[in-house]
Amino acid sequence: MSGLVPTPALSHYLILSAVLFTIGAAGVFVRRNIITVLLSIEIMLNAVNLTFVAVGRYRGTVDGQIITFFVMTVAAAEAAVGLAIVIGLFRHKESLNPDSFTALKW
Amino acid sequence: MLLLIPLLPLVGFLLNASFGRRVTKPVAGAIACGAMVASFLVSAAAVVQLVGLPADARAISQQVFTWITSGDFAVAFSLRVDPLSAVMILVVTGIGSLIHIYSTAYMHEERDSEYARYFSYLNLFAAFMLVLVLGSNFLVMFVGWEGVGLCSYLLIGFWFEKKSASDAGKKAFIVNRIGDFGFILGVLLAFVQFGTLDFQQIARAASQLGPEASFGTLSLITLLLFVGATGKSAQIPLYIWLPDAMEGPTPVSALIHAATMVTAGVYMIGRNAVLFSHAPQTLTIVAVIGVLTALMAGTIGLVQNDIKRVLAYSTVSQLGYMFLAMGVGAYGAGIFHLYTHAFFKALLFLGSGAVIHALAGEQDLRHMGGLRKELPITYWTFLIGALAISGVPGLAGFFSKDEILGRTFTSGHTILWGVGLLTSLLTATYMFRVVFLAFHGNRAEQARPLHDAHDAHDPHGAHLHDAPPAMAFALIVLAIGSVLAGYAGLGGRFEHFLEPSFAPQAVEAVADTTGELTLVFVSVLVAVGGILFATFFFWKDKAAADRMAQRFSGLHRVLMNKYYVDEVYDAAIVQPIRIVSEYGLWKGLDVSVIDRIVNGVAETVDGASVLLRRLQTGSVRAYAASLFLGVVLILGYYLWP
Chain A
10 MSGLVPTPAL SHYLILSAVL FTIGAAGVFV RRNIITVLLS IEIMLNAVNL TFVAVGRYRG
70 TVDGQIITFF VMTVAAAEAA VGLAIVIGLF RHKESLNPDS FTALKW
Chain B
246 MLLLIPLLPL VGFLLNASFG RRVTKPVAGA IACGAMVASF LVSAAAVVQL VGLPADARAI
306 SQQVFTWITS GDFAVAFSLR VDPLSAVMIL VVTGIGSLIH IYSTAYMHEE RDSEYARYFS
366 YLNLFAAFML VLVLGSNFLV MFVGWEGVGL CSYLLIGFWF EKKSASDAGK KAFIVNRIGD
426 FGFILGVLLA FVQFGTLDFQ QIARAASQLG PEASFGTLSL ITLLLFVGAT GKSAQIPLYI
486 WLPDAMEGPT PVSALIHAAT MVTAGVYMIG RNAVLFSHAP QTLTIVAVIG VLTALMAGTI
546 GLVQNDIKRV LAYSTVSQLG YMFLAMGVGA YGAGIFHLYT HAFFKALLFL GSGAVIHALA
606 GEQDLRHMGG LRKELPITYW TFLIGALAIS GVPGLAGFFS KDEILGRTFT SGHTILWGVG
666 LLTSLLTATY MFRVVFLAFH GNRAEQARPL HDAHDAHDPH GAHLHDAPPA MAFALIVLAI
726 GSVLAGYAGL GGRFEHFLEP SFAPQAVEAV ADTTGELTLV FVSVLVAVGG ILFATFFFWK
786 DKAAADRMAQ RFSGLHRVLM NKYYVDEVYD AAIVQPIRIV SEYGLWKGLD VSVIDRIVNG
846 VAETVDGASV LLRRLQTGSV RAYAASLFLG VVLILGYYLW P
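Protein sequences appear in the order of chains A and B.
Quick note on numbering: our numbering labels position 102 of the first sequence as 111, and the sequence is numbered without any gaps.
Quick note on numbering: our numbering labels position 253 of the second sequence as 498, and the sequence is numbered without any gaps.
Hints should not be assumed to be uniformly reliable.
[Claimed, not checked] Taking lysine to aspartate or glutamate pairs in the DMTMM-like style, the calculated list, with each CA pair at most 25 Å apart, reads:
#: 1; chain 1: A; residue 1: K114; chain 2: B; residue 2: E848
#: 2; chain 1: B; residue 1: K407; chain 2: B; residue 2: E812
#: 3; chain 1: B; residue 1: K785; chain 2: B; residue 2: D551
#: 4; chain 1: A; residue 1: K114; chain 2: B; residue 2: D851
#: 5; chain 1: B; residue 1: K416; chain 2: B; residue 2: D711
#: 6; chain 1: B; residue 1: K618; chain 2: B; residue 2: D786
By construction, these hints were calculated from the structure, which means they are not laboratory data.
Quantities reported herein were computed from a predicted structural model and do not represent experimental measurements.
Bound-form chain A, shown alone:
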């Protein structure tokens, strides 16, 4: 299977996954638009999915792929609920900035 393009090793997948995760986490922290924050969360979830699939393949089992399906299901549900909440919040505050939603405090 050797060729011009080297076969990626596990470490490559993991590094890619870590990079994606960091991008997602940074997005969650720094973006001022709550929809972008949700998108960043999706990126984090998919980074984790990539790790699962890569490790599953490396070990020769299907467990990683199975869990990935679960994560995708949850992610879909989360997106649906999250977007609904965002719509509700927007109607309430006319804003998408997460810093404007600070009513839940003492």
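Fit chain B to the given chain A structure using the hints.
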């Protein structure tokens, strides 16, 4: 069949309590009276059946159901009629019926719902009283014992919107609780000692033992039981509730606080005659307490101005006589006096009720006078009652009181006899004081034309009504009873009839003659002397009575204030409890210890929260950051090489 006796009034109670407010007064009254009369007829049938049995086998038992079973301990809800309870059920249902009938007229001005409530209580009382006297063991008796206490409370406080009435009800209930506590301790101790609660079995077990020479278990049991009796039967030191109980409607005073419930203590001692006979120490205490109560209440009765209070003290005094009889072992004589007393004291109370009814609630003797012409039926029946209680020969009280005094004398208690005789003099005096002040002479100036519902349909307001038919009927029947009841005891027949109840060990042979002739002569002399005293002071020369009061103003004041017993109790018991409760338990323990602990816990949590709630910023990003930081820290901890 026995079950029917208490069950009928109970059904009457349930009917009136459930539907009473929806029916008219005649219906409610008819239900209550019908239940009582039916119960009386069943009782009479039971007694007839009882008398038909041979003298030494006179007992009819009925076990209704097994009430409590626990291991080898079993208590049955069982009823038993023997000669003693036969007398009691006849008194309770017979006089109870008359008082129910009387009440239909007396309470007529109440609203429909109040009227039904009154009769439901009265029926309930009768049911409990019958359970009390029919119960064949201590536990069943205790049910009745507490039940009549409850009804007494309800009926004393019947006009609960009046503060003094609700206070009197509470006083009666609380004072009775003190006695009941002694009673239940006595019952428990009896169970520990004998392993059973059945009266017959206890009597049989006790008769195996000899009389206690020193103060032992039997003495303690009987003394505790007697504490219960002092509460229920208003003896020193717990008599204080009975005079206040006069706040209730007058027929209630007649039924509960004169004829039946207050005699429960006497009955209880009679029921446990064998037990008491084996505790001579207790018997002495019973006799001394009895005679002291008789004397003390008699002296107080001499100066009271409220007609019902005079009668209340008279009741306390007569109950003292009964305890004197019990204490000297003359159980039959005591029960005999209970039986005759029920007639004439009920009569006197109902008579006073007729007076109060006619005067629209006036109870002060000083505002009465000259009622003889206006209330002839009331006057004559009241006079018969007064003669009977004074012990004038030929009337009921003479037979029974003389029997008690005679038996006291022959049993060697000369001092007790002397005090009893003195009380007899007082009895005649205070009773005829009431007769003369209320019915003779002229109406005092303070008396004003009375306006009430009665006068509303009578334009000539000053004219007084004599007792209406229902009341007159009860008065006349009771007057006849007050004359004739004593003849049941002629030649000791009454006591012979009762004797099996005080067996198995015949306590003391019953004398067949009614005491010695000299003794009879002395007590008659005393009774007549008392009446003459009263005639002089309260009829012929009223100023003399005032002069006497002036001369002995100190003594008079003490008597007017009932020996300051209420004040002493207040200072010695009520106030200390109140002070300990207020400054010790409430302000000391509750406020400064318990509250402080509870508040301290809350304040600690509150103080800690001041810091913690700073973390709750509401910023989603801050939460995400802390989440992230947490994950990093946990992972770092585990992954750090």
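Consistency of the hints with the structure:
no., hint, result
1, K114(A) x E848(B), "holds (21 Å)"
2, K407(B) x E812(B), "holds (22 Å)"
3, K785(B) x D551(B), "holds (21 Å)"
4, K114(A) x D851(B), "holds (16 Å)"
5, K416(B) x D711(B), "violated (34 Å)"
6, K618(B) x D786(B), "holds (21 Å)"
Hint compliance for this structure: hint 5 alone is broken.
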